[in-house]
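Please take these sequences and the hints and turn them into a complete structure.
Chains F and G, in that order, are what the protein sequence lines are.
Just so you know, we're using my numbering here: the first sequence kicks off at 1 and counts up by one.
Just so you know, we're using my numbering here: the second sequence kicks off at 1 and counts up by one.
Think of the hints as simulated: they come from the structure by calculation, not from any bench.
As the structure is a prediction and not an experimental result, all values here were calculated from the model.
There may be inaccurate statements among the hints.
Said to hold, decoys possible - Calculated cross-link-like contacts (lysine to any residue; reagent style SDA-like; alpha-carbon spacing at most 25 Å):
| no. | chain 1 | residue 1 | chain 2 | residue 2 |
| --- | --- | --- | --- | --- |
| 1 | G | Lys82 | F | His154 |
| 2 | F | Lys59 | G | Pro120 |
| 3 | F | Lys207 | F | Ala169 |
| 4 | F | Lys201 | F | Pro165 |
| 5 | F | Lys205 | F | Phe96 |
| 6 | F | Lys200 | G | Tyr136 |
| 7 | G | Lys77 | F | Arg114 |
| 8 | G | Lys75 | F | Asn157 |
| 9 | F | Lys93 | G | Arg130 |
| 10 | F | Lys108 | F | Cys199 |
| 11 | G | Lys75 | G | Ile88 |
| 12 | G | Lys75 | F | Ile164 |
| 13 | G | Lys75 | F | Met174 |
| 14 | G | Lys75 | F | Gln166 |
| 15 | F | Lys201 | G | Thr135 |
| 16 | G | Lys137 | F | His187 |
| 17 | G | Lys77 | F | Phe144 |
| 18 | F | Lys136 | F | Pro165 |
| 19 | G | Lys82 | F | Gly77 |
| 20 | G | Lys87 | G | Phe63 |
| 21 | F | Lys212 | F | Ser175 |
| 22 | G | Lys137 | G | Phe76 |
| 23 | F | Lys205 | F | Leu106 |
| 24 | G | Lys77 | F | Gly69 |
| 25 | F | Lys136 | F | Pro206 |
| 26 | G | Lys87 | G | Gly48 |
| 27 | F | Lys147 | G | Trp57 |
| 28 | F | Lys59 | F | Ala73 |
| 29 | F | Lys56 | G | Lys137 |
| 30 | F | Lys201 | F | Val135 |
| 31 | G | Lys77 | F | Gln171 |
| 32 | G | Lys87 | G | Pro120 |
| 33 | F | Lys57 | F | Met174 |
| 34 | F | Lys57 | G | Trp57 |
To be verified - Pair by pair, the computed Cβ-Cβ distance ranges are:
| no. | chain 1 | residue 1 | chain 2 | residue 2 | range |
| --- | --- | --- | --- | --- | --- |
| 35 | G | Asp71 | F | Arg133 | 21 to 31 Å |
| 36 | F | Glu123 | G | Ala86 | 34 to 44 Å |
| 37 | F | Ile131 | G | Tyr43 | 37 to 47 Å |
| 38 | F | Asn112 | G | Glu107 | 26 to 36 Å |
| 39 | G | Gly110 | F | Pro213 | 54 to 64 Å |
| 40 | G | Val106 | F | Ala87 | 15 to 25 Å |
Here a beta-carbon is modelled for each residue, glycine too, at the ideal position from N, C-alpha and C.
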Amino acid sequence: MKKINFATIVAAGLVCFAAGALAATEGATKDSMQLKPVKGEEGKVSAANTFNRLLKKDKARNLPPPEDGIHDADNEGTHVLQPPLVAFEGLPKTDFGNYVDWVQSLQKGFLNPRYDRVDPTVEPLVMDLDIVREVKASVPDVVFPHKPHTQWLHCSNCHPAIFIPQKNANQINMSAILLGQKCGVCHGKVSFPITTLSCKKCHSKPKPDDWKPPLSSASVKNPWR
Amino acid sequence: MINIKGFFTKWRVAFAALIASVAVVLMPQSSTAEYADVVINNYADAAGMRPAVFPHWYHRIRFRCKVCHADLGFKFKAGGNKITMAKIIDGQFCGACHNGEISWSVENCGMCHSGIPGTPTSIHGSTIQRLVAPTYKALPKDGQPAPSDAPADAAPADAAPAEAAPAKAKKK
Chain F
1 MKKINFATIV AAGLVCFAAG ALAATEGATK DSMQLKPVKG EEGKVSAANT
51 FNRLLKKDKA RNLPPPEDGI HDADNEGTHV LQPPLVAFEG LPKTDFGNYV
101 DWVQSLQKGF LNPRYDRVDP TVEPLVMDLD IVREVKASVP DVVFPHKPHT
151 QWLHCSNCHP AIFIPQKNAN QINMSAILLG QKCGVCHGKV SFPITTLSCK
201 KCHSKPKPDD WKPPLSSASV KNPWR
Chain G
1 MINIKGFFTK WRVAFAALIA SVAVVLMPQS STAEYADVVI NNYADAAGMR
51 PAVFPHWYHR IRFRCKVCHA DLGFKFKAGG NKITMAKIID GQFCGACHNG
101 EISWSVENCG MCHSGIPGTP TSIHGSTIQR LVAPTYKALP KDGQPAPSDA
151 PADAAPADAA PAEAAPAKAK KK
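What follows is the structure, given as structure tokens:
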């Protein structure tokens, strides 16, 4: 009984889908003609109404130097350079930047880059101090972890030129970050970039359950509301 | 009643047309360089050399940021260090390692000078380069200037090429 019901639903669904698709086919034929300019009485229809007008997507990841658009393939040295994928094999992955999770690569011991130019035994000066910054917007609050930063960097890389070393002494917002200031000095250039997939790396502390976004006063005061 | 064959061919044509048009839109953009590769071209082109290309990914596998950006004094600014061959053979910048001791030596010109001639100084794959519109600027709050107006971190004029990409996008 159950089985028949299921089959009926599926069949009904398929019929609906077919009907919908048939209707869409008519549309699609017109759409495909619209992609080319059509000359009619009213003149040309714009060819600009394409999908993904502004979408920028990587066509391929981690291309070898001769194909990456900045290295000159006519230069013999270019062909001696290492293709990134050869080096990244076996490292933990992410969906952005170099597509390598550099923090995990270090913490799991897959990589141990030198902290000193010549002496491979020098240990980094690591400090484990998380700084939480509450965010007015609905996104999770920001946690700045000193640990992964001091594993790669020196205190003097950030203090005092980029950040005053005192909690909440620095004004930070997304606009500044996207312009390449504050966290954006590194993030979006060398450390992981700012994309939808990476927001939660920084915005990692969920808001309390009873949190509500503050209302804009212009709308609260609106008499026609 | 339902012409299955026609149905699929029509869709296929529509799909092919869509792919083709998207491909045409994507074609001229060539920002496929590895994330954080730096092209350095303050002087190279002018001296008849290909621009130098510095791969961050390759070096950070071997050295932490601290080695270059704290110990060796590389500033966080593409083109901002005014690197020249005179400084390199004196053991500064790239010359601190590309000296035949830690890494191969400077006579391997083509290993560093591997960029396509005419490529401006720039860090590649950056978030700012990938933005569809010029960077969003926050509203000024409580009389404080928006961060973009703050001169403190403003790029020095001589390092302007790094901003060339978004500026171009603006003109379009």
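Hints, one by one, checked against the model:
1. Lys82/G to His154/F: holds, 23 Å
2. Lys59/F to Pro120/G: This hinted pair holds, its Cα atoms lying about 22 Å apart.
3. Lys207/F to Ala169/F: Roughly 22 Å between the alpha carbons, so the hint for Lys207/F and Ala169/F holds.
4. Lys201/F to Pro165/F: holds, 22 Å
5. Lys205/F to Phe96/F: Since the Cα atoms of Lys205/F and Phe96/F sit roughly 21 Å apart, the hinted pair holds (cutoff 25 Å).
6. Lys200/F to Tyr136/G: Measuring from Cα to Cα gives roughly 20 Å; hence the hint holds.
7. Lys77/G to Arg114/F: It holds: about 22 Å lies between the C-alpha atoms, which stays within 25 Å.
8. Lys75/G to Asn157/F: Roughly 9 Å separates the two Cα atoms, so the pair holds.
9. Lys93/F to Arg130/G: Measuring from Cα to Cα gives roughly 21 Å; hence the hint holds.
10. Lys108/F to Cys199/F: holds, 23 Å
11. Lys75/G to Ile88/G: holds, 16 Å
12. Lys75/G to Ile164/F: holds, 18 Å
13. Lys75/G to Met174/F: Distance of about 23 Å is within 25 Å: holds.
14. Lys75/G to Gln166/F: Since the Cα atoms of Lys75/G and Gln166/F sit roughly 23 Å apart, the hinted pair holds (cutoff 25 Å).
15. Lys201/F to Thr135/G: holds, 21 Å
16. Lys137/G to His187/F: Roughly 18 Å separates the two Cα atoms, so the pair holds.
17. Lys77/G to Phe144/F: Distance of about 23 Å is within 25 Å: holds.
18. Lys136/F to Pro165/F: holds, 22 Å
19. Lys82/G to Gly77/F: Holds, because 23 Å separates the two Cα atoms, which is no more than 25 Å.
20. Lys87/G to Phe63/G: holds, 21 Å
21. Lys212/F to Ser175/F: holds, 23 Å
22. Lys137/G to Phe76/G: holds, 22 Å
23. Lys205/F to Leu106/F: With a Cα-Cα distance of about 23 Å, the restraint between Lys205/F and Leu106/F holds, given a limit of 25 Å.
24. Lys77/G to Gly69/F: holds, 21 Å
25. Lys136/F to Pro206/F: holds, 13 Å
26. Lys87/G to Gly48/G: Holds. Lys87/G to Gly48/G sits at ~19 Å (cutoff 25 Å).
27. Lys147/F to Trp57/G: Within the cut-off at roughly 21 Å; holds.
28. Lys59/F to Ala73/F: holds, 19 Å
29. Lys56/F to Lys137/G: Within the cut-off at roughly 21 Å; holds.
30. Lys201/F to Val135/F: Distance ~14 Å between Lys201/F and Val135/F Cα, so the pair holds.
31. Lys77/G to Gln171/F: holds, 22 Å
32. Lys87/G to Pro120/G: holds, 21 Å
33. Lys57/F to Met174/F: holds, 22 Å
34. Lys57/F to Trp57/G: OK: Lys57/F and Trp57/G at ~21 Å, within 25 Å.
35. Asp71/G to Arg133/F: 21 to 31 Å: holds, 30 Å
36. Glu123/F to Ala86/G: 34 to 44 Å: About 35 Å separates the Cβ atoms of Glu123/F and Ala86/G, which means 34 to 44 Å holds.
37. Ile131/F to Tyr43/G: 37 to 47 Å: holds, 41 Å
38. Asn112/F to Glu107/G: 26 to 36 Å: holds, 30 Å
39. Gly110/G to Pro213/F: 54 to 64 Å: Holds - the Cβ-Cβ distance for Gly110/G and Pro213/F, about 56 Å, lies within 54 to 64 Å.
40. Val106/G to Ala87/F: 15 to 25 Å: holds, 23 Å
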